[in-house]
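If you read the protein sequences in the order shown, they are chains W and P.
The first sequence begins at 1 in the numbering used here and counts up by one.
The second sequence begins at 1001 in the numbering used here and counts up by one.
Please keep in mind that the hints were generated in silico from the structure rather than gathered at the bench.
Hints may be right or wrong, so weigh each one.
For each label pair, taking beta carbons as the anchor points, the in silico distance ranges come out as [to be verified]:
| hint | chain 1 | residue 1 | chain 2 | residue 2 | range |
| --- | --- | --- | --- | --- | --- |
| 1 | W | D201 | P | V1511 | 26 to 36 Å |
| 2 | P | V1582 | W | D157 | 46 to 56 Å |
| 3 | P | E1421 | W | L274 | 32 to 42 Å |
| 4 | P | K1189 | W | N241 | 40 to 50 Å |
| 5 | P | V1511 | W | G298 | 55 to 65 Å |
| 6 | W | R31 | P | K1711 | 51 to 61 Å |
| 7 | P | S1403 | W | D201 | 26 to 36 Å |
| 8 | W | G271 | P | D1584 | 42 to 52 Å |
| 9 | P | D1059 | W | D157 | 49 to 59 Å |
| 10 | W | G271 | P | E1688 | 44 to 54 Å |
Positions of the beta carbon are idealized from the N, C-alpha and C atoms, including for glycine.
Residues per chain are reported as follows:
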Amino acid sequence: MKEEIEKIKKVAIESIEKATNAKELEEVRVRYLGKKGELTAVLRGMGNLNAEERPIIGSLVNVVKEELEEKINQKEKEYELAELNRKLKEETIDITLPSTKITRGSKHPLNRIIEEVEDLFVSMGYDVVSGPELETDEYCFERLNLPKGHPARDMQDSFYITSEYLLRTQTSAVQARTMMANKEKTPIRVICPGKTYRRDDDATHSHQFSQVEGLVIDKNISLADLKGTLEVFVRKMLGENLELRFRPSYFPFTEPSYEVDVTCFKCGGKGCNLCKQTGWIEVLGSGIVHPNVLKMNGYDPEKYSGFAFGTGLDRLAMFKYGITDIRLLYQNDVRFLKQFDRCDR
Amino acid sequence: MKLSTNFVKDYVDIDVDVKTLAEDMTRVGNEYDSAGNLINATKLVIGEVKECEMHPDSDHLHVCKVDVGTQVLNIVCGAPNVRKGLKVIVALDGAELPGGTIKKGMIRGKESNGMLCSIAELGLEHKFLSPADKEGIHELPADAPVGKEVIPYMQMDDGVIDFDLTANRGDLLSILGMAYEIGAIYDKKVKNIDLSFKENSENINDTFKVEVKTENCSIFLAKKVKNIKIEESPAFIKNRLIASGIRPINNVVDISNYVMLETGQPLHFYDADTLKGKLEVRMARQGEKLTTLDGNERILSANDIVISDGEKAIGLAGVMGGLETEITENTKNVIIESAIFDPIKIRMTSKEILRSEASNRFEKGLDPNRTYMAIKRACNMLEKYAGGEVVGNIAKYDTTDLSNRKIEITFENINRILGMEIPKKDTLDVFRKLGFDCKVKNEKEEKNINYTESEKDLQKYDIVEVSVPRRRGDITIKEDLIEEVGRIYGVNNIQGKLPDIAPKAGSYDKVTREIRNKMISMGLNETLSYILVNDKEAKMFTKDNTELVSLLDPMTEERNTLRHSIIPSLLKIYEYNKARNVKDVSIFEIGKAFYKQGEEYGESTKLAVLMTGEYYLGIENKKKVNFYVIKGIIEELLDYLGYNGRYSLVADESKLPEELHPGQSALINVNNDIIGIIGRVHPSIQKEDIYVLEIDLDRLLDKKVSKMKYKEISKYPNVKKDLALVVNKEVTSQELATLIKKAGGSSLENIEVFDVYEGKGIDQNKKSIAYSLTFERPDRTLTDEEINELVEKIIDFTNKKAGAELRK
């Protein structure tokens, strides 16, 4: 009996080694280890054996069974590995083919600038506020110390709807709205970016354009505060090493008033086409809030002072992105828009 | 304002070049457009034509021999008036003229070593040329010294700065005003103007009256000058007028302009013999007619101020004189008018009728002291340059205040606003340079200042009282004084700082930015379009019953109305891109739309989307935009904003704009409130498949959304069941889903459509919609029995309510 088992084992091992694929191996497993397999048959035939031989032969069969199982499993793993390798090879793709694109939209350059300006001022504790674009003469002009018939109204040729309503010519209109809306007349720190409209249309002017207005009202606000604030603003937007120059000017809603020039960021102040050889580029209008404006909007000029500034955002966007014609901002050529589709770090 | 530097040097001694002067003026707030010489030309000398013969190969050219002092040059000249013996302007070889460089060369075989010049070739505008100068080369006087430089000889060696002045500085529209400003910069005193003249023994008031019948004239002066002789003005007057941009006419007219330039006070000269012994100022009668100096008949309104001869209007006050009483070649006697009219009235009239040098000055406000000064100066010059005899006394009406304006301010106030520590002495010095007298004060005493005081002398005084002459009409309050100190002292040394104020967090409109970023993340490109559109586009894609909001005075008919919807703007953008062969257009815009309801104007913030062509790109996922793509966009946005389960699309043709495809459009409802529209653009508007949507963001965002909160995840497994229901085609998926939800109750956690089928196996008027249902309970596992019961219930309910049957 023992010899018979050894013989089966020998033949079985040979068969395992001879098997060339998973199917043949399975056949070997069935033939020797299956329910009707040869080793199983040996076990079944143990009935004829005596009580002493029975456990010996039984354990021998089990040892051989385990040995064969292990061999088969080992062989099986080899096949699996080979199969896996074959499959992996088969699945190899051309990784240079185009990807399934996720369509990326784009943010309009002007809104990019607006968001950048907003983020800067929000970080300095300013509130971003807005006001109507279809404004009243009262808020756009009269409450800003520009009564009807004032010659400075010529500086801004307006689109009137009626004698009282117009498209706002300046975001400064929001100054008066902010002051009026503050019933307790507490300090104010706001910026207001937004669209503005004037009767003007050429390569450097658009009848619709955008401005940002800043207004700070508190006790003891001075020109030094205005200068420091604008230094932060201009340097953040246009370049860290730029210098500011305050040039006295005139706006009816500020006194004193200044136009602010910045070192030409193209030539660094040496003089070039952009700065018309002056080394300076005008970027802002600003000043100390006119006492009449404070008074008209409910603030006591003896108690409070403030500064205000305003700048054109279209020009800022043009400087920043190297856009040469303002009309590009409003033509909405998709090929133009798509250039502003990524994170600008 | 064009400033002649020679002119201003009459009143202030300066020795700086034109460019430096312009830059220094800019520094104190007076910007300039250009600065240069009146004549921008080099190498021009006086020559004499010694010989002049016709060019053998030309019917108009002459070959000349011209003596230029050092040599005799061969020059070919084409002017008709060139002739032997003429003194001419010669541009030598290498001369730089506004039109280019002169080089010697051959002209049709004849040597030419320079050019004989006309005045136009020196760069003067055509309007400044005399009739003779318009015809040919300039003819110099016979005694012109050959070989000498031409420009100084002609007294045209002047500098011109074209200032772009601010609206408050009307005082700088005069040479004297400029002199004070320049004097303040360089610390120079302004010289006196010559106002001397003799008067005869007559009294103007015996024969002439002035009468002012309107409050819109504060001062009106008249003087008479007899026996004047009309002739050409001396060169300096002509050249200074030209440098200032005014065309010389004759000595008398030129003097009125010259004095206006000098003093800023516009004058008007009447031919005294055309008047009826009287000048009257009154408001025009509505529809009254007047022919002005330029020969145009003007129809006036009751808002215009006129000068009348007692019967009819003979001049448009402050703007332009009348033709009938103007100075002519034959004028002998002159009435000079010097007056001030209401700036706002003049502004309105000039805006309506015409702008002039005079109206520009009246609009900005004038100093009544100059009204007197100018009339005297005119007498002085008419006597000197027109041989006039000044009649004694003056006819006058005057209600003005000629005294200086006194303004007080503390030194502390100036320093606090400027944010710098300026010594009192330096502050006072600014006022001295500006020509303002000062007093310093404290509670107990005051002291006149003679500007020699030391800082110590000034220590106990905290207030300065500044006496501001009327010429500086822009300085009326203490803040104006702060500005003057800042201007002249200079503020560029201020150390910038951030305001010292209570800290607080800033805020901004986060939601709009979130919406913008969401739209971009869905692959849409943000646009920015004009809110002004034409009146036909303005109300397209809306069905509101509000009125159009139109401009009173549009620039073009294409932009005469404020848009009610952004969609027409997006359609235009689509067309613009299509014309450039860009056909995949997926764009959005957040912007304002406007309306008028009754007498009220309003605006709302809208979000509009347009999609056409292919949406997803890449080799596998090309997707042609259809209704469901754009529907996905709005649903994704609404879900993102937290409106999940609160919105629906409703096809209600009666409420949808006719510009949308009636079978592929819907209202967007949130909380059963219409907040927008969505659909395909009607094929009659655009043949291509274009899909649009627009929502009113203000209206949407008004609907509150709960804060984001964690919701417990069910520990019990969910069960998915698929259910295909066959219904009549008219039943919408949304209706069916609503029924399923109702029947499924709280255990039905989610419901999704995964297939829609029509065709084989389904009746012709029916469709099958397959739903994937997810059942789940937070508290326990649902049993198979329970789920089967729920499904049965759903089938029964949808069958009863919508005739739905389970697809076999």
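| said: Hint compliance check: list the failing hint numbers for this structure, sorted ascending. | reply: Failing hints, ascending: 2, 5 and 7.
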